[in-house]
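Q: Chain by chain, the residues:
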Amino acid sequence: MSMWAWFHRLASPKHFYRIAGRWIPWLTAVCVVLFVVGLYTGLYASPPDYQQGDTIRIMYVHVPAAWLSLFVYVVMAGASAVYLIWRIKLADLVALSSAPIGASFTFLALATGSLWGKPIWFTWWVWDGRLTSELILLFLYLGYMGLRAAIDDRRSAARAGAVLALVGVVNVPIIHYSVEWWATLHQGSTVFRAEGPAIHPSQLLPLLVMGLAFTVFYLTIVLIRARAELLLQERRSAWVREVIDSP
Amino acid sequence: MTWSQFWSMGGYAPYVWASYGLALVVFAGNVLAALQRGRTSRRALRRRVRQEEAA
Amino acid sequence: MLRGFVAILRRDLLLAFRHRSELVNPMMFFVIVLTLFPLALGPDASTLRGIAAGVLWVAALLAALLSLEGMFRSDFEDGALEQMALSSQPLALLVVAKVLAHWLVTGVPLIVLAPVLAVLLDLPAAALPVLMLTLLLGTPVLSLVGAIGMALTVGLRRGGLLLSLLVLPLYVPILIFAASAVADAALGLQVGAQLNMMGALLALALSLGPIATAAALRISLGA
Numbered sequence: 006m007s008m009w010a011w012f013h014r015l016a017s018p019k020h021f022y023r024i025a026g027r028w029i030p031w032l033t034a035v036c037v038v039l040f041v042v043g044l045y046t047g048l049y050a051s052p053p054d055y056q057q058g059d060t061i062r063i064m065y066v067h068v069p070a071a072w073l074s075l076f077v078y079v080v081m082a083g084a085s086a087v088y089l090i091w092r093i094k095l096a097d098l099v100a101l102s103s104a105p106i107g108a109s110f111t112f113l114a115l116a117t118g119s120l121w122g123k124p125i126w127f128t129w130w131v132w133d134g135r136l137t138s139e140l141i142l143l144f145l146y147l148g149y150m151g152l153r154a155a156i157d158d159r160r161s162a163a164r165a166g167a168v169l170a171l172v173g174v175v176n177v178p179i180i181h182y183s184v185e186w187w188a189t190l191h192q193g194s195t196v197f198r199a200e201g202p203a204i205h206p207s208q209l210l211p212l213l214v215m216g217l218a219f220t221v222f223y224l225t226i227v228l229i230r231a232r233a234e235l236l237l238q239e240r241r242s243a244w245v246r247e248v249i250d251s252p
Numbered sequence: 625m626t627w628s629q630f631w632s633m634g635g636y637a638p639y640v641w642a643s644y645g646l647a648l649v650v651f652a653g654n655v656l657a658a659l660q661r662g663r664t665s666r667r668a669l670r671r672r673v674r675q676e677e678a679a
Numbered sequence: 002m003l004r005g006f007v008a009i010l011r012r013d014l015l016l017a018f019r020h021r022s023e024l025v026n027p028m029m030f031f032v033i034v035l036t037l038f039p040l041a042l043g044p045d046a047s048t049l050r051g052i053a054a055g056v057l058w059v060a061a062l063l064a065a066l067l068s069l070e071g072m073f074r075s076d077f078e079d080g081a082l083e084q085m086a087l088s089s090q091p092l093a094l095l096v097v098a099k100v101l102a103h104w105l106v107t108g109v110p111l112i113v114l115a116p117v118l119a120v121l122l123d124l125p126a127a128a129l130p131v132l133m134l135t136l137l138l139g140t141p142v143l144s145l146v147g148a149i150g151m152a153l154t155v156g157l158r159r160g161g162l163l164l165s166l167l168v169l170p171l172y173v174p175i176l177i178f179a180a181s182a183v184a185d186a187a188l189g190l191q192v193g194a195q196l197n198m199m200g201a202l203l204a205l206a207l208s209l210g211p212i213a214t215a216a217a218l219r220i221s222l223g224a
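Chains as they are written, first to last, in the working numbering: chain A, 6 to 252; chain B, 625 to 679; chain C, 2 to 224.
Treat the hints as calculated values from the structure; they're not laboratory data. Note that this is a predicted model, so its numbers are computed, not measured. Note that beta-carbon positions come from the ideal geometry of N, C-alpha and C, so glycine has one too. Mixed in with the good hints there might be a few duds.
Simulated restraints, written as ranges between beta carbons of each label pair [unchecked claim]:
| no. | chain 1 | residue 1 | chain 2 | residue 2 | range |
| --- | --- | --- | --- | --- | --- |
| 1 | C | L157 | B | Q660 | 40 to 48 Å |
| 2 | B | R672 | C | L37 | 51 to 59 Å |
| 3 | C | L205 | A | W28 | 36 to 44 Å |
| 4 | B | R663 | C | L40 | 52 to 60 Å |
| 5 | B | T664 | A | R23 | 18 to 26 Å |
| 6 | C | L24 | A | W126 | 41 to 49 Å |
| 7 | A | I204 | C | S88 | 43 to 51 Å |
Which stretches of chain A does chain B cover? Using the computed rule of at least three CB atoms under 8 Å from a CB of chain B, they are [said to hold, decoys possible]:
| no. | stretch |
| --- | --- |
| 8 | 11-25 |
| 9 | 230-238 |
Please build the complete structure, drawing on both the sequences and the hints.
A: The structure is reproduced here in structure tokens:
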């Protein structure tokens, strides 16, 4: 089957439900393996940082959470664009499903950033570039979820959310740049990047493995959620009847 | 790394373990919420089918 | 096409002047919010001077946010907005007209009032021209970006708080560069970089904002 035909089939609700259903167990298995490796290398096999000691291990959760919080928002915006341009309803369900996951990762990035900062900078919160950007990103997620929840009509809510996500994604680099600019302005030349001026190679492996683990986790959860939303959306279809009738 | 070193995390145990604990909570929360969404959808749909058949 | 633009502009300005008493509201809000800071932080002139740039801009930003409600709501409720969307004129162009009218009525008064209020916070005179310039460049962006949020929430009965949540993150870059420019000007430093950024933001808001607003309006109208 050609690539285009496969893609077309995937966008069809019935086939997406089935195909995604088959992927979920595999993705879960890959996710578990990645986390086991990541946790082993992060918590045990890698050495403590010569400057920050064992607190560097928080980085293996904080940085992937921050990466994912941004990645998920971009996926959300991309799916929104696909929905607005090609009217593929499944794309909207991906956006809808992604938002709470992305928001939770943003929250995790903020909380672990705070926990990382306390032993190093002796304060629970610091207005550095990354944390401040993450905080604003959280507001962007909450705004998206709030807007979709506030509009009663499903289709209007979907389209309004899509516009908001696209407006948001254009603003994310602008916000990030302005906040970084603001942070360096007020902190002078101090290298405030929590992970130090450069990452040591022994720290790179756990970081990348955890990053991958977080990503696969997101993919798994978004598929589970999207399938649930799909059932609701396609409730009048015969294939949905079959699905809910079977135990 | 010894077992006691592992748990004490160079004295930073509360911060490191709180971070990983929080990550665990977030992951568990995501999984439970996603599965719950599926359950709620199915339940709502079954109820709807029953209502339609009763009518 | 220009006739439609001018017609909407004239209409909105006329409507605004018919409710002259309401024109004062953003300005009153600006003054009141500003007054809260010395009351909260104490009247010490050196403290106020240190925070003057930021406080002035936060107050202006909040005043602009509060005035957004007046942008599309009445036209939405009486059907005029639907007529505009159905007309042969490009909706984005009519949006620019409406936003321009809104800015003339709510943004320009802030620019005019700002120097007077700057005195209340003991902002150095050297910073006054920059203050007015940042407001001149920034308040249109606040109106253009705010219009998107307003258009998305105009159909909601109680969209006010949600509007703030949607719009305030988008306002952050303008606030950062504007407040920094005014603060630097007060210290006698160069502000070219900040003003350039604000100019770029204005250009971006002007080119993309009305399109997003028009799309959002159509969604809110149920099209």
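Q: Take the hints in turn and mark each one as holding or not.
A: Each hint tested on the structure:
Roughly 27 Å separates the CB atoms of C/L157 and B/Q660, a value that falls outside the hinted 40 to 48 Å. Evaluation of the 51 to 59 Å hint for B/R672 and C/L37 yields a pass: the beta carbon distance comes to about 53 Å. For the pair C/L205 and A/W28, the supplied restraint of 36 to 44 Å holds, since their beta-carbon distance comes to about 39 Å. A hinted range of 52 to 60 Å holds for the C-beta pair B/R663 and C/L40, which are about 53 Å apart.
Here the CB-CB span from B/T664 to A/R23 is close to 21 Å, well matched to the stated 18 to 26 Å. For the pair C/L24 and A/W126, the beta carbons lie near 48 Å from each other, so the given range of 41 to 49 Å is met. In this structure the supplied range 43 to 51 Å is violated for A/I204 paired with C/S88, their Cβ-Cβ distance being about 58 Å. Interface restraint, the stretch 11-25 of chain A with chain B: violated (0 residues with C-beta to C-beta distance below 8 Å; minimum three).
Residue count for the stretch 230-238 of chain A with a Cβ under 8 Å from a Cβ of chain B: 6. That meets the three needed, and the coverage hint holds.
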